[in-house]
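Undergrad: The two chains are supplied separately, each in an independent frame; assemble them into the complex guided by the hints.
Listed below, chain by chain, are the residues.
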Amino acid sequence: MKHTPVYGLMAEFDNPEAVVHAARKTYEAGYKKIDAYSPFPIEALSEAIGFHYNFVPLVVLIGGILGGLSGFALQYWIHVINYPVVVGGRPLNSWPAFIVVTFEMTILFAGISAVFGMLALNGLPMPYHPVFNVPRFALASKDRFFLIVFSSDPRYNALETRRFLESFSPRSISEVPS
Amino acid sequence: MSALLWKPEDLLAPPIVKVYQRRFLIAGVVASVIVIIGGFFQPRVFFRGYLISFMDWLGVALGSMVILMLRHLTKGGWGMIIRRIQGAAMRTIPLMTVFFIPLIFGARYLYIWTQPDKVSDPHLRKHLEEVSSYLSLKGFVLRALVYFAIWNLLSYLLTKWSKEQDTPPVRDNSQRFKVLSGPGIILYGFTISFAAIDWVMSLDPSWFSTIYPLIILIGEVLSAFCFAIVVERVLFNYRPMSELLKPEYVHDHGKFMLTFIMVWAYFSFSQWLIIWAGDLPEEISFYLRRINGGWGWVAIALVLFHFAMPFILLLSRPFKRDITRLVWLAVWMLFMRYVDLFWLAEANFSETFTVTWADIAVPIAMGCLWLAYFCRNLSSMPLVPAYDSFASEVLEPAHEHSV
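If you're matching them up, the sequences are chains Y and E in order.
Residues in the first sequence are numbered consecutively from 1, following the numbering used here.
Residues in the second sequence are numbered consecutively from 1, following the numbering used here.
Hint data in this document are derived by calculation from the structure and do not stem from the laboratory.
Treat the hints with care, since some could be wrong.
[Stated by the list, open to error] Below, simulated EDC-like cross-link-like pairs (lysine to aspartate or glutamate); rule was C-alpha separation at most 20 Å, straight line:
no., chain 1, residue 1, chain 2, residue 2
1, Y, Lys25, Y, Glu47
2, E, Lys246, Y, Glu47
3, E, Lys246, Y, Glu166
4, E, Lys255, Y, Glu17
5, E, Lys126, E, Glu243
6, E, Lys138, E, Asp117
7, E, Lys246, E, Glu396
8, E, Lys75, E, Glu393
9, E, Lys246, Y, Glu17
So here's chain E without its partners, still in its complex pose (with noise of 0.2 Å):
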């Protein structure tokens, strides 16, 4: 192996990040003394708002490994510049475990199958009690250890792996990174939809759509490549990245985001043409519900800003390759992803279309509690691999890399 390109410690993450670290603790402390009091006097309020905002976050974190996981099978420079940030977010799975806790304590407020006995409509009460084996407190819990699990042992191999490479003896773990790569990805794939159903879906337990599962599976992908977009403006500010981000990494990620924007609306879509053209009554009421009372206009700002207006600016190639230009739309795309959540959670609560204090106050104190935590892994470790052999590629000097 030839000499060292860079030198770990030079990778490290620029020090601000610790600033913003403690800035953002400051201010998620604050702010969820602020919204734990709100949800003493109105938990039903603060668990509607919570739930969305976990689901936001928790996106974050596991898109963040999903990629991760894609990078480890594929190769290839725009991951391994992305790959710590990626980490980092991954990281926060522990942090998002914890924040399931209030979900179980918070269940009653939010999921109608907890207390089957209060529902009036005959039908609903009958078919509560026939899916009762599947939509029970106990099972939404075991289940959540199970899914949780998993993705607390992927992420901790993961990181384990990656860590070896940060120090001398050098140790090849690309080969271990794919083994796990593979079936975790699959892994994924199989818990997130059963997560989704158990905490977003089956909040309207007499409605089901099979492909709704993959709408929330897609969303959390392109909410972790938009993070990361984020990420990595921020820290090419700052050395090491404003050395190593080229616009070719940037263009790679401008047409991950164009794809993921592109796969949400194939998703979002074919569940809406399938119901639509069955317009059987108990599919249509979940659509029914979301075009009135005003939750047709967020539909409507769906597609023109979570698709139309992103896919046209990013057929662009000089604007996939400005990271300048890029970072405004994954700034964009977050909230966007928020939007998303939060029709798709909220509508069920009201039929006609509120904004509570809860919808915006959980998110940012849940934000600033994560990006906190965020920062703090970022900082634990250098921003790429020196050590790992496909890392040449990204450390070397721009101008050699021109070929």
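In isolation and in its complexed conformation, chain Y is listed as follows (with noise of 0.2 Å):
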């Protein structure tokens, strides 16, 4: 017999209570590599599948100070060491001054860190994910809502989990090949 490796179980439900449900379940069923899929960001469902984490938060919190030090840097290096300047007889460190940029400069290496870290975090730009192999599988960004169990967890059995899956009555199931 022929055997393609297989990359995990998908289960296809159509609400987003039943995904979280059988999230739960499955997370506490002690399946621990799995994943899930919706149209639309569920807090609840990170919770569910183990996952309380991320580091964007310190990516984007690195990112905002490192910004708001180039920013006062960029200003005092200009202001005081290259190319001084009195203005109305102010200091050259004019501090005051400077907060706006450095302001700004805070916000946008944050946000640039937001969206970079989160890609990079996330392994994307991705050419090749086994997911889209189940055709069912482009509902995701629909109305569907997909749980998948990898079959990396040790605790995955192509017969066992199927049948696991098939207690929370998803509307399909699916092998996913790799």
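TA: This is how it looks when you write it as structure tokens:
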């Protein structure tokens, strides 16, 4: 018998409550390598699959601090070191006037860090992902909710896992070829 | 409409609120007697403390009204859960109206423009004559009448329509709330701007700043949010709030707090930046007074503890979601609101840093009376309007709400 490697088992649900319920029970049953897909963000779903923390806030914080420091340093370097001009008798290091640009640079760098940090931590761009081998998965960006148990999970067993997922009465269960 | 999730009588404030009401009333009456006796001997000192205290507690009342109107326009569970808390705070506006009356009699101790003939500086006297058509005691009283009439009317209508949602026949008032709240927020913006100029900025009649009323305005909204967080924390120990308050709402309240702290910092800094950059004698006097003679330490404390410290704490998501931790910052911010008003007002009266007995005792006395009245208001209506169709979001049990 020809054997194609399996990426995981995917169950399809048609409402958010069902997928959150299934995800929570699956996680509680000991499956840790699971993931879920929904057309819109569901905060409870991340919690349900045991995804409590991510590092985007930390990346944003570091980006913001670096942005603020570089914004201030830029102005300090220009006004104090490179091209010192006394304006209206004010000190060269006129920090109150620097705050606006410093603030804007903080926001800019934090924003850019948020976007690119999120992309990097998600492993994007990703030209190939096995879940798209299941044709029905296209509905995940429309009105269906998917839960997947990866075959790499130590508790994964093609038959038992399928039976377990069936207990949530999903609309369909598909084996995802990798 | 589906069956009621909660009966209105189960949504009433816990009986402990009545106990607090009694305690605050007793403390307030005792403290008031003491400060009034003190005020008899030192009226000048008394009214300085009285003005700061009045502005502070008025801020909680008016800020609550604004957040309430904001909620009527935007909906959302964050506002429904504190709607009646803010309603109760808003309904203290009649009390604040009464508290304003002594200021009319105290005006001559506070505002130099009430007695232009006693001013020795010829420039200032000339300036006071020029602005006398606006800055006169008659105008002061008449304008205050207009502000309080508008605030009381808004409060009355919002309360009346809200009360109608507590008893069947069910009535959907959300459209009326919207129609009132939009113009209401604009009216508040105008009235509080004029009031801030009349009551606080005119302490120094030769100084002006166009962003100053906004600093007062945003401080009021911040005070009101912090106050709501403190009250929801106290009520969280008892039913029904213990079952209704969810981390998502606390999270939203924390986010609002962060926003208003940042807006306060933005306004305060903008004023400082513009005046500092202009460096004009008639403008910079405001800051020279407030960074010299010990007042500079208060200014630094405001930067650090009214902005930097709460800003950094509120960046943390777990902190914002945990009511038991967030409440301490809310208490702290209520104190810092007072410090900000103290710094703005008291520096007009004394060149060196001074705290008088009235600066401490009057806010406590007025606050106890205010809180007693607030507790009375809070127990007079259910904490959530059970018949409001938008209340179901809040009234659903936590586990069904998980999505």
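Undergrad: Would you mind marking each hint as holding or not holding in the structure?
TA: Going through the hints against the structure:
no.	hint	verdict
1	Y/Lys25 x Y/Glu47	holds, 12 Å
2	E/Lys246 x Y/Glu47	holds, 15 Å
3	E/Lys246 x Y/Glu166	violated, 32 Å
4	E/Lys255 x Y/Glu17	violated, 27 Å
5	E/Lys126 x E/Glu243	violated, 63 Å
6	E/Lys138 x E/Asp117	holds, 17 Å
7	E/Lys246 x E/Glu396	holds, 11 Å
8	E/Lys75 x E/Glu393	holds, 11 Å
9	E/Lys246 x Y/Glu17	holds, 18 Å
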